[in-house]
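Protein chains in written order, with the working numbering: chain A, 1 to 419; chain B, 420 to 586.
Treat the hints with care, since some could be wrong.
Result set (DSSO-like, lysine-lysine): computed pairs, CA atoms no more than 30 Å apart in a straight line [to be verified]:
(1) K493/B x K48/A
(2) K48/A x K453/B
(3) K48/A x K446/B
(4) K446/B x K493/B
(5) K453/B x K493/B
In short, the hints are calculated from the structure, not lab data.
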Amino acid sequence: MVGIMIAQTLSEQILSHAAGHPVRAGDVATVSVDLVMMHDSLSPSIIKVLHEELGAERVWDAQRVAVVIDHVAPASNIQTAEKQAGLRQWVRDQGITHLFDVGRGISHQVLVEEGLAQPGLVIVGSDSHSTAYGCVGAFGTGMGTTDIALAAATGRTWMRVPETVLVRAIGRFRPGVSAKDLGLRAARILRADGATYASVEWHGIDFLSIGDRMTLATLSIEIGAKAGLIPPIGPAASGLRIPDWLAVQAGADYVRTVDIDLSHLEPQVSAPHYVDNVVDLTELGRVAVDVVYLGTCTNGRYEDMAAAARILKGRKIASGVRMLVVPASSEGLRQAAEDGTLRTLLAAGATIGTPGCGACIGRHMGVLAPDEVCLFTGNRNFRGRMGSPQANIYLASPEVAAATALTGYITHPQDVLER
Amino acid sequence: MARVWMFGNDVNTDQIIPGRYAPYMLKNEHDLRKYPFVEARPDFAPNVEPGDLIVAGPNFGCGSSREYAPLALKMVGIGAIVAPLFARIFFRNALNLGIPCFTADLTQTLRDGEQVALNVEQGVILTERGMRIELPAPPSFMREIWSAGGIVPYYRAYGRFPGEQRA
Ligand code: SF4
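Let the hints inform the model, and build the full structure from the sequences given.
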């Protein structure tokens, strides 16, 4: 019968809209992009491809390119300082207004805070964790230098429309368990390549904040996904500009469905050196740590600092442990300063860094030495990621990070709260 | 002849090039050619020859979007990469740079260090042991990008993306 709509996944809806005609998983389509994000680390090469190889003088739309200086912020040496200076000059020459300079924070967090990421948009970023924009129901995806240069020059990109893997959460978290544990649990089940070329939709989490949704959206790339979408529904979505064509449709085609019962979920820990190497914290045994690092686009937000502060309040971190807190954004840092969260963290003995990526990719601000062990609230524990390839990185939630800072070994939050 | 460099599963971009060796962090960007697998396999960069073949397990190139990972492999002249599954950003970056990636599992068929002859156009590998391996033909849009020499020359030549209908 004519006129019957075939149910679509969120990715299919957004990419159909962006292609200007209906597309289905598996189709190769050219789509218009709404926003191009580039950060300091890759911008110099993007600009080179744009001007020298593509021969484009200007970006296609100066209002729809966002530049963020977050990966080495502030600059660590003369090379990076010089490249950042060049980038600022280029931004002025191009008339780009969305420049977020040193200290404003991590690209993904900032674009969401600024309201630039909105439901239904196609956002491409020079960063694999651009899946983050799925936290508001945008199709966010990471690309390399050349693809970003092409998108910035033309306002378009080509894409294979992804199949969708559905992760359905049931129930509510127990105390001390949070979105990070759900994300790591999904990585444990789906493995690092479980959603390669696919998109992940996260259902059953309408009660989560946008920040917690971003934890899941950023972790989607760690199971190989092209995008990680959370339907823009629930109280946290009330301030978003939701297009009327965007909604979960009954009968949409999912290649795989994974159910996770939150009410039985234990704190999860990803052990070195692969993100999907996940166990229940209780199975881990005693792992002593040198550094507790709270930060990144996955878990460095105000609410992550507040969750840690609730556990650290009135207590001191263990001697011999360094706790670094690198806020995901200046806005998060401001909030933490206003309501006393920051005072609690400092009183417990934590150190605060400049909002940004910090030591997440091992370039500055807390690089690890050989044989050091780090409990990290980030998203990757690859060998050498945060510095020495002989260091060991364990991934866990902000709650586990705080509990671990208090004892000096990887600790269940309930164990310190009950003391 | 080309040498086979064998790698395991889930080779991530931090292994191919640690973020600390990004062009952004280097004084001389041409130094990038010294660093593929600098920590994961230090004998690779000094010994790899143009045309050599990387054979790996599934999920090759997972992790970051850093195009300098496949770029470093291009700079040392890697002839092709064969893996049963590629992480998508890496695959796209390699395609854009014109590095042939074939989706096949040869980890049990070939050996690290062995000499082979690779014909990318025909998708055939001949080994010194006398084996003839046919690689699965990539989709036509991919072959078009390879033969243009990457996505930038492709776009400059045609003024459109693969498969795009322009008014
Ligand atoms: S915080 Fe880490 S994972 Fe997130 S964008 Fe920065 S470097 Fe990438």
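Legend entry - Straight-line alpha-carbon gap K493/B to K48/A, limit 30 Å: Distance of about 17 Å is within 30 Å: holds.
Inset, instruction - Starting from K453/B, check that the Cα of K493/B is at most 30 Å away, please. - result: OK: K453/B and K493/B at ~12 Å, within 30 Å.
Inset, instruction - Given the hint that K48/A pairs with K453/B, test it: the Cα-Cα distance must not exceed 30 Å. - result: Satisfied, since the Cα-Cα distance of roughly 21 Å is no more than 30 Å.
Inset, instruction - Below or equal to 30 Å on CA atoms is what counts here, so check K446/B against K493/B. - result: Within the cut-off at roughly 20 Å; holds.
Inset, instruction - Below or equal to 30 Å on CA atoms is what counts here, so check K48/A against K446/B. - result: holds (16 Å)
In terms of the numbered hints stated before, the structure departs from none.
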